[in-house]
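Q: Each protein sequence line maps, in turn, to chains A, B, C and D.
To convert, note that position 156 of the first sequence is 156 in my numbering; the numbers rise steadily by one, no gaps.
To convert, note that position 129 of the second sequence is 129 in my numbering; the numbers rise steadily by one, no gaps.
To convert, note that position 264 of the third sequence is 264 in my numbering; the numbers rise steadily by one, no gaps.
To convert, note that position 212 of the fourth sequence is 212 in my numbering; the numbers rise steadily by one, no gaps.
Honestly, the hints are just simulated from the structure, not real lab data.
The beta-carbon is built from N, C-alpha and C at its ideal position, and this holds for glycine as well.
Please note: incorrect hints may appear among the correct ones.
As the list claims (entries may be wrong) - Among chain C residues calculated to face chain A with C-beta under 8 Å, some are:
| # | residue |
| --- | --- |
| 1 | V75 |
| 2 | H76 |
| 3 | A78 |
| 4 | H90 |
| 5 | T92 |
| 6 | G93 |
| 7 | E96 |
| 8 | A97 |
| 9 | G99 |
| 10 | H100 |
| 11 | R101 |
| 12 | P128 |
| 13 | H129 |
| 14 | V130 |
| 15 | V131 |
Below are the chains, spelled out letter by letter.
There are 4 protein chains.
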Amino acid sequence: MYSFRNDYSEGAHPNILQKLVETNLVQQSGYGEDEYSLAAKELLRLKIGHPNAPVFFLSGGTQSNLIVISSLLKVHEAVISAKTGHIFSHETGAIEATGHRVITVDTKEGKLNPADLKKVLADYSMRPHVVKPRMVYISNSTEIGTIYSKAELTKLRAFCQANNLILYMDGARLGHALTADSNDLTLADIGQLTDVCYIGGTKNGALIGEAVVFNNASLAADFDYVLKQKGALLAKGRLLGIQFLELFKDDLYFTLARRANMLAMKIARAVEEKGFSFLTKATTNQLFPILPKTLIHELSKDYQFYEWEAIGEHSSAVRIITSWATEEQVVDAFIAAIKNSK
Amino acid sequence: MYSFRNDYSEGAHPNILQKLVETNLVQQSGYGEDEYSLAAKELLRLKIGHPNAPVFFLSGGTQSNLIVISSLLKVHEAVISAKTGHIFSHETGAIEATGHRVITVDTKEGKLNPADLKKVLADYSMRPHVVKPRMVYISNSTEIGTIYSKAELTKLRAFCQANNLILYMDGARLGHALTADSNDLTLADIGQLTDVCYIGGTKNGALIGEAVVFNNASLAADFDYVLKQKGALLAKGRLLGIQFLELFKDDLYFTLARRANMLAMKIARAVEEKGFSFLTKATTNQLFPILPKTLIHELSKDYQFYEWEAIGEHSSAVRIITSWATEEQVVDAFIAAIKNSK
Amino acid sequence: MYSFRNDYSEGAHPNILQKLVETNLVQQSGYGEDEYSLAAKELLRLKIGHPNAPVFFLSGGTQSNLIVISSLLKVHEAVISAKTGHIFSHETGAIEATGHRVITVDTKEGKLNPADLKKVLADYSMRPHVVKPRMVYISNSTEIGTIYSKAELTKLRAFCQANNLILYMDGARLGHALTADSNDLTLADIGQLTDVCYIGGTKNGALIGEAVVFNNASLAADFDYVLKQKGALLAKGRLLGIQFLELFKDDLYFTLARRANMLAMKIARAVEEKGFSFLTKATTNQLFPILPKTLIHELSKDYQFYEWEAIGEHSSAVRIITSWATEEQVVDAFIAAIKNSK
Amino acid sequence: MYSFRNDYSEGAHPNILQKLVETNLVQQSGYGEDEYSLAAKELLRLKIGHPNAPVFFLSGGTQSNLIVISSLLKVHEAVISAKTGHIFSHETGAIEATGHRVITVDTKEGKLNPADLKKVLADYSMRPHVVKPRMVYISNSTEIGTIYSKAELTKLRAFCQANNLILYMDGARLGHALTADSNDLTLADIGQLTDVCYIGGTKNGALIGEAVVFNNASLAADFDYVLKQKGALLAKGRLLGIQFLELFKDDLYFTLARRANMLAMKIARAVEEKGFSFLTKATTNQLFPILPKTLIHELSKDYQFYEWEAIGEHSSAVRIITSWATEEQVVDAFIAAIKNSK
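Given the sequences, and given the hints that come with them, work out the whole structure.
A: Now the structure itself:
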């Protein structure tokens, strides 16, 4: 059995482990003040184009989301998200647990646009009987594999600025978004077009680790307190610093993501050639092909993946994910199994 | 410069790194369902003597404390702690941030006893105008290096049971407590004498990782939800499982702690022989010798440690910590520096 | 100008004010231990058919909802509500502010049924990545004027019991529901068919005051603490006790509600006779007639009411509310204005 | 039996009830937008000397404290209070329940001074491992009957301003403080020397009601949302507006408080003449005389009051409270009982 279930089935990229071994006995300060973390933050600031952006390393996506959001919202403020957004769909009410409503929007592709936000602001205008929308949460790539174009993000950003809304991007799979064939955004664009974002490590080669970057530095004034308060400040912060140092050395981060996307596109082409369609356009390392149940049954004998949603009586959309660690020969065998199906 | 500041200045015990490397590309389920985590939990259940105890791996002490406590208390309930307790003194209000008061008790040695609890219950009797004390938080070893004896813990436990109080032990340095010369408790005793505890990895050889064990299994019924909600459920749970598997293989955990204690005792003897005293009795790997400021100044040229508290005009208590990774020849040099001081 | 905007535009029923004056200088215990509150609780227990039901008096609906819900849910648990439910639509995120998601259901009539709940349970099955639905919030009458039949409530209750869901009824306008022409529920039925409910005073003749009744007594074990903690325990609890004593003396509560309904039905008949329809069936003291904009404009010169929702280009649904204090001759004039419109 | 237990044993001043009756059937807007509330706010702004100060009416002290504090603090910020402060001693962890630590200070007279605050700031300097002190909570008069002098408050205010601390005064018994013989503060001084305060109605003649005044208007920007979210926005806000309108008409508020103080001082003089002392200096309407247990036993046959604290073997401090409604002839009888005791 081979798993296409997710992009965290293996450990870390070997460079990371090697660096952990090499530096293991060097004494370092705790709580993120180690030299590796400091260097990694400097490197990320350079890459994102904000020499003074506060950067913090956290352990996972839910943790990053809940700490960023709860540190920025006042008690009566809310965050707007696509209904498919991770903070609404898969984080066990983590945001509500910090006291804030997640206002959801039904979307076709998991993305928000200014018209969506305009409607939310209208729906939430009856002050003080409703919460105050104050932040917009987007994911790039989204939870259903789509990405934002530069034009889309630019318009969203303009709307947010005009309406006093903080724009926050969840980049759990930012690498995959920025290396997609149809992408026209750079990391520096993300730095310009969002107030705060996180660059995901866990789903792109790290053991754990997400880098929260405050492109709007003033928003981070007291973030260190909240990081500690929510249990996210690791004593051995070196573990996070070393990983991001390795991931952004020679742009390994993007190399890994590009490879995952490339393997996904190989599968996507085979799906298309066989005449099957997709729930959402195949763009990054998450694919949602709609396959006949018979084929799903057949493939399930050798491969693991999620059945996502029934489509009609005889088909289902499934989720197939590739990663930096996916073996190409397995992908080829998987493709062959699709091609050879009746 | 050599640091005696804390027991998390280095990385992980080499066995752990080696195992991470060996298993790196084996595909595993996410979110703690990997085979290493399952095996490590089984092993811990065996060691603590509860074949059915729910065990969860978390990333750090503050995280463990806030999730355990907030998952067990109702909104109007409070936890009792020594004023020196980590949850009160060094966790940025993490417990209050989940909505609960930490009721503090002044203590001499950082430990709670039944008389302390009795007074708290009396002080908080004016229902409903006060919170309801419902949990007792203790650390072993404590934040000031002392340990509980079996008799002390047994009495505390009896009081808690008689008064409907949950007894929770923070074991950030449980290894050091259980391997101290004067200790008479076993891990199995901890399993019998507390409702819930955590076995600390970070301060005893792990990169990150604390194992929360529910000796009272019924208290854990929904803990998995809270773990996820608070951002503590790692996608690559294998990172935690592998570490605890290695730490408890051949009781490495205790070997490492014993070594840290042994080196601390070596230093303690030198301090005593030189005629200096201690703020709290030297018992585990945290020492609080009271030294003349001139000697502190001299030692500071080559060694890092915290000045803890001024004692009179010319002396201060300092905090010196040894660990599994502390180099014995450095300890010897440090001892020589003390002995040779005027 | 005369207001049909809501049922809290006037003060209190005169009997209440008279009793406040009569008892004003009698010394009483504070915090709800006064003799009036004790007697009123006893009376309510009798009426609802639970001689031992814990009863608490609170000041308003949002307060009652947030305290009941937050006292009963654990941190990872959620409450299910119709999207029109007051806790979701008009309480400024009060429930989320206590840490809990409100899971919403789109409904036609503002009511929940077992099929709705079944779907929610299916949608929230991916433990531990989602919150745990644990409570069902319903309003009777609903926010859009409809009511539950005995059959509907019985089925809902059965589903809740079978699925470990607490059933909570918001009775801000319970009087109006139970005195509607089409109603077949009694207050004693509510006592049997819900776990906890509140009987609303503010919208039916009280100055302030809602009576929370725990039909499932075990759920109230520590409610007094939470009441105090959330700032809801009035020092002069007599103010609440006296009001409920008067409202339930000789069933004044139902007399007042019946009168409000009767006046609303008079208006409803005029609307129907004129050939206009309703957004939701005219049942209680909240009417949602769909009127031509010209007529709305005309009526607005002498009467205040809310425009609720545009219906096509030339019409809108408006909300018209009658109360215990509505003057019948004004209702007659209003009806005449409708009848005489072109 | 006559009660000296507290100042909320009776209902409201008759003027208030009369006005409630007079205005009862006048239709008014809900949620504090009624004409009485608007006029009362205007009147309070005039009295406190801030023509633009945002004013809000709430129902009680705990409610006011928790809403003011939680609306002003960020998640990692804390409030400093005397250990005797109501928010720490008698509000069931209401502040912690909103996520914030109450940092306590041991005091002799229930009052804070700059030296106390300086010490707290030093104790909480180890950022980010500790909460950030951001607000100072004081009561005037205090929970043990003492008051702030103008010099004391001026110094405290200066320290707060120099250290970015918000100064908040709980004025549950502000009337009694400002009419004490030894007082040298005016309501306008309070307006100048605090950022936010509340003027207590419940303990000085109202049925319910506290007026929160933001002397620093910018702090109130979104207070209306929080008021609603926490369940404190009454539908019939007229109930609160009418009361404050009556209380501040012709300074009735101060007349009532002065009378309560006068009666207390009468008792205090008798206590002194008999040779007994006080736990805290007799200043306002709360007295803490230290009486022989035999006398306490004797007085308890006819009068109710709290035994506050045992003083030695044969005496206790008791708490005796007078109010606007206390009957002077009962006071005289009580005094006689003291004088005639052996």
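Q: Look at each hint and say if it fits the structure.
A: These are the hints, each one checked on the structure:
Nearest Cβ of chain A to the Cβ of C/V75: about 6 Å, under the 8 Å cut. The hint holds. Restraint check, C/H76 versus chain A: the minimum CB separation of about 6 Å is within 8 Å; hint holds. Checking C/A78 against chain A: minimum C-beta separation of about 6 Å stays under 8 Å; hint holds. Because the closest C-beta pair between C/H90 and chain A is about 5 Å apart, less than 8 Å, the hint holds.
The beta carbon of C/T92 comes within 6 Å of a beta carbon in chain A, closer than 8 Å, and the hint placing it at the interface holds. A distance limit of 8 Å between C-beta atoms decides the matter here; for C/G93 the minimum to chain A is near 4 Å, and the interface restraint holds. At about 4 Å, the closest approach between the beta carbon of C/E96 and any beta carbon in chain A falls short of 8 Å, and the interface hint on this residue holds. Taking 8 Å as the C-beta cut-off, the interface hint given for C/A97 holds, the closest approach to chain A being about 5 Å.
Of the supplied interface hints, the one on C/G99 holds, with its beta-carbon coming within about 5 Å of a beta-carbon of chain A, less than 8 Å. A hinted interface residue such as C/H100 counts as satisfied when its beta carbon comes closer than 8 Å to some beta carbon of chain A; here the least separation is about 6 Å, so the hint holds. Taking 8 Å as the C-beta contact cut-off toward chain A, the hint placing C/R101 at the interface holds, the least distance being around 4 Å. Annotation: C/P128 was flagged as interfacial toward chain A, and the flag holds, the nearest CB pair being 6 Å apart, inside 8 Å.
Residue-level restraint check for C/H129 holds (minimum Cβ-Cβ distance to chain A is 5 Å; threshold 8 Å). For C/V130, the interface hint holds, the least distance from its beta-carbon to any beta-carbon of chain A being 6 Å, beneath 8 Å. The restraint placing C/V131 at the interface with chain A holds, with a minimum CB-CB distance near 4 Å, inside the 8 Å limit.
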